[in-house]
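A.B. asks: Sequences listed follow chains Z and D, in order. All letters in the first sequence, in the order written, are residues 298 to 705 by the numbering used here. All letters in the second sequence, in the order written, are residues 298 to 705 by the numbering used here.
Hints may be right or wrong, so weigh each one.
Same chains, same label: a pair holds when it works inside one copy or across any pair of copies.
[Unchecked claim] Straight-line distance between alpha carbons at most 25 Å, and here's what the computed DMTMM-like set of lysine to aspartate or glutamate pairs gives:
1) K326 <-> E660
2) K327 <-> E660
3) K510 <-> D633
4) K651 <-> E420
5) K327 <-> D616
6) K362 <-> D633
7) K698 <-> D616
8) K651 <-> E386
9) K327 <-> E420
10) K698 <-> D671
Keep in mind the hints are simulated off the structure, nothing from the lab.
Here are the chains, one letter per residue:
2 protein chains.
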Amino acid sequence: MPVNLTTPDPASLLPVAGVRLGIASAGIKKPGRRDITLIELAPGSRAAGVFTQNRFCAAPVTLCKQHLAHGHIRALVINTGNANAGTGEEGLRRAHQTCEAVAQLMGCAAESVLPFSTGVILEPLPVDKILPALPAALADLAPDHWPEAAHAIMTTDIVAKGASREALVGGKTVTVTGIAKGSGMIHPNMATMLGYVATDAAIAPALMQQLVKEVADISFNCVTVDGDTSTNDSFILIATGQAGNNEITATASPDYAALKAVVSAVAIELAQAMARDGEGATKFITVAVESGRDHAECKQIAYAIARSPLVKTAFFASDPNLGRILAAIGYAGVTDLDVTTLQVYLGDVLVAEKGGRAASYTEAQGAAVMQQADITVRVILNRGDAAATVWTCDFSYDYVKINAEYRT
Amino acid sequence: MPVNLTTPDPASLLPVAGVRLGIASAGIKKPGRRDITLIELAPGSRAAGVFTQNRFCAAPVTLCKQHLAHGHIRALVINTGNANAGTGEEGLRRAHQTCEAVAQLMGCAAESVLPFSTGVILEPLPVDKILPALPAALADLAPDHWPEAAHAIMTTDIVAKGASREALVGGKTVTVTGIAKGSGMIHPNMATMLGYVATDAAIAPALMQQLVKEVADISFNCVTVDGDTSTNDSFILIATGQAGNNEITATASPDYAALKAVVSAVAIELAQAMARDGEGATKFITVAVESGRDHAECKQIAYAIARSPLVKTAFFASDPNLGRILAAIGYAGVTDLDVTTLQVYLGDVLVAEKGGRAASYTEAQGAAVMQQADITVRVILNRGDAAATVWTCDFSYDYVKINAEYRT
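The shape of chain Z in the complex, shown without the other chains (with noise of 0.2 Å):
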């Protein structure tokens, strides 16, 4: 069961002035489940994107980065139920073929269509289903249809996940939405599963990619649930310019930190989610690994230890086997790392310092700990200033029930 995590109150995701969303079912997995999702922008929209750096990446990651460099985004459609992944040529034909239906029901170029998969990997994309689904989704365009189409990109997610944020930008109240799926395969590499962040600042399409970049780096690639880089992670930042703020023209300037701030915010706030969510999760780990040489190897401890199969089976039985957590540090690849000059916390308790279990660490200490629902782990490394966090979930019987049962 996700751990400290519901679906949104509906009104808490705030309409963002120039995106409306479209819901429609093409029964692509199941007869009647909505799995069509459609976004709308404005005209003079901005839209930037990361996406997977997995080399058996789906058509329509490919085709994103090509209609991205293109540069007039006008609409985003998104299926559930099939990857459209390791489908070769005929994939990207589908893909690119959904694009046009789009783009003549909606009267824009295919190239201003971004399109987004998320299901079963190897299995070619069933556009007769699809195509026959878009005016459907057309019919329903909505300024405040950010809640169905949370639940209508979902996979194996129990909750739906968004986040809405206002902040003052340029002097504007700027808002900032996003909706997010994902909660297995996820082991991001530059974004994760799939992520849309909608803003209706303005700012210079220049700046778009640093800033989704900025952003999906303190956020969706601090995740891990299993350690599985998916082929169709993309995670899009959009922004309409409809706020009335200043159009935001360099990075230096106290506007762009103060969007980049709130983007950031909705964009972890979606990240945790997923851990929260993660398959069969009954705890939230939050790794946090500090004063290191470098992020670089903070970040690899930490994932070491958010990674490790054998520490979150304990983090699920709530046994403080912490012996497993310095194992894991003990192999992250950091080869000069000095065990013995390091500490090791579980929650506010000091576990281990000197090479070895704390003295003043008792097994109730750690026991109280596991206990909770949200736990930190801090590794402090004495040998620098840099720092990383990484947020997982525990593995349960239900992660494994969940994965052997998925396709069969």
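Add chain D to chain Z, keeping to what the hints say.
C.D. replies: Okay, now just chain D, sitting in the frame of chain Z:
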């Protein structure tokens, strides 16, 4: 349950001239459990080892390296139930204390004793239980106690692991017998949990380290169960020199090749046994990556597949969800990999080529292979002459159960 693996017939484990083994019960974790193994080597025996590269390596690993540098090894002492890892200075002191006690009983120097521990990390080694049990282990020494030793070094193993071979080396029959333990926290980096292989062949001390390294790289270093590299991995090769062959003094000699072949055969059988007895295993998986540019990229891709929880749960479900294998190939980190030119086989069935599902592939073919207990995944990269093979097992409910309940 172990996959096509049973406890070896005791008669099949051949004595090695110059080696005697004794077992005793120290009651470290459970009263009455045989948890102490003593291996005595005749004077003039040679030993070499490879060990974990985990930075949190156990105290006995540190001592083993020091004592092997000293050169005249006369005894090995192994306890289960406690890993003596993450135990700092005090852990080293207690490991040394154990060596001293063995040395006193056997009339040799403490530096001639190699200590090994396996079990829970981060808890003090109970020397108060171990030392009193050593005389009984000494009294039990016998050349034919290999089967008993194979049992006594087990932890979460279900099946005892041992193998023997005879071969002609330099015109003489040499015997090679080995035992090993390990079924979880298995992702060796230099060597694996605990493996001991002894031969009566004569080989120069200077060649021992190279031989043990070469053998480890094609046996224990090709196994993964859960991707967790242990703090205690140790693989020790012993050569008593009593077979009567002329001492092997050059790695270029045919005798070196003959000895390496037979030692490797024993080590590979033991390494595969670990994956067959991997925690919760229901299937034994061989991942063979061929015609790559170099060994490193082949191994990288093989391990990405063999470590993926999604691939492993699909095998558990006997579900030919082959997209997960493609995804793992794609995120393995070979950044210039062209996925349109590689082929993937499941058993003898071509499942993917040209970046997608093979035209000839049918779900029925994939499902038929998935029913088998021993399955080979072959990836043909078509870009060179290198190859690598990795052995692993599937990922089941029982993996979670075993590791959630191991300590509690």
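A.B. asks: Against each hint, give a clear statement of whether it holds in the structure.
C.D. replies: How the hints compare with the structure:
1. Only between protomers do K326 and E660 lie at most 25 Å apart by alpha-carbon distance; the minimum there is 17 Å, versus 48 Å within a single protomer.
2. Taking CA atoms no more than 25 Å apart as the test, K327 paired with E660 passes between copies only; the shortest distance there is 20 Å, against 49 Å inside one copy.
3. Taking the shortest alpha-carbon separations for K510 and D633, only the inter-copy value of 22 Å comes in at or below 25 Å, while the best intra-copy value is 30 Å.
4. For a Cα distance limit of 25 Å, the shortest separation of K651 from E420 across copies, 14 Å, qualifies, whereas the shortest one inside one copy, 53 Å, does not.
5. In this assembly of identical chains, K327 and D616 lie within 25 Å of each other by CA distance solely across copies; the values are 20 Å between and 40 Å within a copy.
6. Taking the shortest alpha-carbon separations for K362 and D633, only the inter-copy value of 18 Å comes in at or below 25 Å, while the best intra-copy value is 39 Å.
7. In this assembly of identical chains, the alpha carbons of K698 and D616 lie at most 25 Å apart whether taken from the same copy (22 Å) or from different copies (13 Å).
8. When the C-alpha separation of K651 and E386 is checked against a cutoff of 25 Å, the pair qualifies only between copies, where the shortest distance is 8 Å, while the shortest distance within a copy is 57 Å.
9. Taking CA atoms no more than 25 Å apart as the test, K327 paired with E420 passes inside one copy only; the shortest distance there is 15 Å, against 52 Å between copies.
10. In this homomeric assembly, K698 and D671 come within 25 Å of each other (Cα to Cα) both inside a single copy, at 23 Å, and across copies, at 22 Å.
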